[in-house]
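Top line first, the protein sequences correspond to chains A and B.
Note that the working numbering numbers the first sequence so that position 5 is 5, with each residue one more than the last.
Note that the working numbering numbers the second sequence so that position 212 is 212, with each residue one more than the last.
Please keep in mind that the hints were generated in silico from the structure rather than gathered at the bench.
Note that the Cβ used here is the ideal one computed from N, Cα and C, for glycine as well.
Take these hints with a grain of salt, some might be off.
[To be verified] Calculated lysine-lysine pairs in the DSBU-like style (CA-CA distance at most 35 Å, straight line):
#1 B/K131 with A/K307
#2 B/K76 with B/K142
#3 B/K123 with B/K21
#4 A/K65 with A/K156
#5 B/K90 with B/K131
#6 B/K21 with B/K142
#7 A/K294 with B/K251
#8 B/K142 with B/K119
#9 B/K21 with B/K246
#10 B/K246 with B/K142
#11 B/K251 with B/K123
#12 B/K119 with B/K90
#13 B/K81 with B/K21
#14 B/K142 with A/K307
#15 B/K76 with B/K131
#16 A/K294 with B/K142
#17 A/K294 with B/K76
#18 B/K21 with A/K294
#19 A/K294 with B/K90
#20 B/K251 with B/K131
#21 B/K131 with A/K156
#22 B/K246 with A/K294
#23 A/K294 with A/K34
#24 B/K90 with B/K123
#25 B/K123 with B/K76
#26 B/K76 with B/K21
[As the list claims (entries may be wrong)] Distance ranges between label pairs, derived from CB positions:
#27 A/L110 with B/D91: 51 to 61 Å
#28 B/K21 with A/R207: 51 to 61 Å
#29 B/G65 with A/A118: 43 to 53 Å
#30 A/T148 with B/D91: 28 to 38 Å
#31 B/E167 with A/R128: 41 to 51 Å
#32 A/Q306 with B/P16: 54 to 64 Å
#33 A/G85 with B/D91: 49 to 59 Å
#34 B/E214 with A/L110: 58 to 68 Å
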Amino acid sequence: MTDPTSPGPADKQPAGPGPSKTGAATAVPPEAIKAIPVRHPWRWVSAAVVLALLGLLVYAFANAKIEWGDVPEYLFSDRVVEAAGNTLLITVLAMLLGVVLGIVLAIMRLSDNPVTSAFANLYIWFFRGTPVLLQLLLWYNLGLVFQTLNLGPLYKNEMTDVMTPFVAALLGLGLNEAAYMAEIVRAGIQSVDEGQTEASHALGMSRGRTMRRIVLPQAMRVIVPPTGNEFINMLKTSSLAMVIQYTELTFVANEISATNLNPMEMYIVVAVWYLAMTSVFSVVQYYIERHYAKGSVRQLPLTPMQKLRRNIFSGPRMKGTR
Amino acid sequence: MTAMVTAEGVHKSFGPTHVLKGIDLEVAPREVFCLVGPSGSGKSTFLRCINHLEKINAGRLYVDGHLVGYRQQGNKLYELKDKEVAAQRKDIGMVFQRFNLFPHMTALENVMEAPVQVKRESKATARERAKRLLDRVGLADKASGYPTQLSGGQQQRVAIARALAMEPKLMLFDEPTSALDPELVGEVLDVMRDLAQSGMTMIVVTHEMGFAREVGDALVFMDDGAVVESGHPRDVLTNPQHQRTKAFLSKVL
Ligand SMILES: Nc1ncnc2c1ncn2[C@@H]1O[C@H](COP(=O)(O)OP(=O)(O)OP(=O)(O)O)[C@@H](O)[C@H]1O
Ligand SMILES: [Mg+2]
């Protein structure tokens, strides 16, 4: 503890010669600093280089053999819009399957039962250890080795009828995602301090309630950001489902270009769609993360809307004014 | 009058480490019972056994006449189910060295959580009581603050209010002021003193010998998993009988 009678800053002063006398500084009002800012010539040079390279790129594309007219023509064409819908659909459904199964696997992995945790480990080992493209092909061709799907009295059908491109894509992408989500959820649960569980138990909360009310909400802060990344990855990875004939964006781009013979134009069209979807979701992700940061930071960062409002209503603030 | 807490030959091991080696003691209702001893002597472990955060290996522990964590039929012991253990714990409040407030909830929500979730109280009732308790610990104005926005002393006072919200008949304090800056210790001890005056039964693990002497009704000195000496705090602290007690007190006083 510092001696309350000695002035605070005194013990922070360097031991070197000629420390200014404490107390004297407070008597005179501080003189405003008027300094010439440091110049940054290299910033100008590097900016110029980047702009020049960008210019070259634009020039190259403008003079390339691209039918630019194709882009707006196909961007909102029925087939492309429908394919974009299919991409979004398979992404959302595969992520749902992945999240639900991932939570189950994470809890299995953390359980005291050696059989369930070993099974979860085996699952994760297999699905993370093989390419997702291969997994899609395996599901799609399941009919070659299992001719019928027989669930006893519940359901019976030819495998080739069951394993449509949609179902195969959903299983291939979803089950693969579950393996990654399981690890994300597990890390989230384990990130919560044990003292939290203890405090909750000490208050008389049961295990289930402790998990739901105390552990999972705190784990969400760790779980949500990588899950958002997984979603954005899934938007793009779903393009692999083209190899099993699922009519998503990339598949349709290929199909159309087979007739109009302009593949590059079609790829640009779907690239625009992917960019639009990933951008929109990035914004959504920002708000979700902000929601779960509650309590972990002293002051929540402002949303862009709040910033805008504050800047408008607090009037102009000039840079460099005191 | 039955004792609030009775320990009979309580043993506890973590794997090969024998931590509690036969603890016998009794805590009377309305008593402030202080537990002191060197680091590693098993004070926290004993406290955690009282609300079954740890399972004891031998002996018996009773709180308010009920066996902790087990049901006895004939001479067989049956482990209590998760729900039954939880039901026992709701009458025992615990305050931790590191506060352990729920960081995703405001101070008010921290205090409301258990009554609403465990006792199924209405939110309005729970909120009323939570406000009253926060006022009692001097934090009426911090109700909407999150734990990260509070000082250590304020957090610990919220933690005490949170435990009191379940209207426990016994409060366990595990070094409630050890993680605090010296100038914040007083505000927490004041709340505890006030609580003692209201007649709460308290078991307090502490290094604050001044508090023990002033507020305590009984004091136990523990070393190496066993009770070395016990008596009225005034007597034990001013006139220790055992060499180990003397050695310890000469270091902390
Ligand atoms: N979960 C555990 N697993 C293994 N050993 C443990 C565990 N908890 C406590 N111990 C050991 O038990 C002994 C007593 O620990 P305990 O925390 O009860 O001591 P204490 O008297 O509270 O000490 P302090 O004053 O430092 O808090 C220590 O040697 C400790 O290493
Ligand atoms: Mg301890």
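Verify the proposed pairing of A/K294 with B/K142, using a straight-line Cα cut of 35 Å. 16 Å, holds
Quickly compare the C-alpha distance for B/K21 and A/K294 to 35 Å and report which way the hint goes. Measuring from Cα to Cα gives roughly 45 Å; hence the hint is violated.
Take a quick look at whether B/K76 and B/K142 sit within 35 Å of each other, Cα to Cα. 50 Å, violated
Is it true that the CA of A/K294 sits at most 35 Å from the CA of B/K76? Since the Cα atoms of A/K294 and B/K76 sit roughly 49 Å apart, the hinted pair is violated (cutoff 35 Å).
Honestly, do A/T148 and B/D91 meet the 28 to 38 Å range at C-beta? 60 Å, violated
Need the status of pair A/K65, A/K156: alpha-carbon distance at most 35 Å? 54 Å, violated
Below or equal to 35 Å on CA atoms is what counts here, so check B/K123 against B/K76. 42 Å, violated
A range of 51 to 61 Å was offered for this pair. Does it hold for the Cβ distance of B/K21 and A/R207? 30 Å, violated
Decide if the proposed pair is consistent with the structure: A/K294 and A/K34, CA atoms, cutoff 35 Å inclusive. With Cα atoms ~41 Å apart, A/K294 and A/K34 exceed 35 Å; violated.
Distance restraint between A/K294 and B/K90, which requires alpha-carbon spacing of 35 Å or less: 28 Å, holds
Pair hint outcome, A/K294 versus B/K251 [Cα-Cα no greater than 35 Å]: 43 Å, violated
Is B/K90 close enough to B/K131, meaning Cα to Cα at most 35 Å? 20 Å, holds
This entry does not satisfy hints 2, 3, 4, 6, 7, 10, 11, 15, 17, 18, 20, 21, 22, 23, 25, 27, 28, 30 and 34, going by the numbered hints stated previously.
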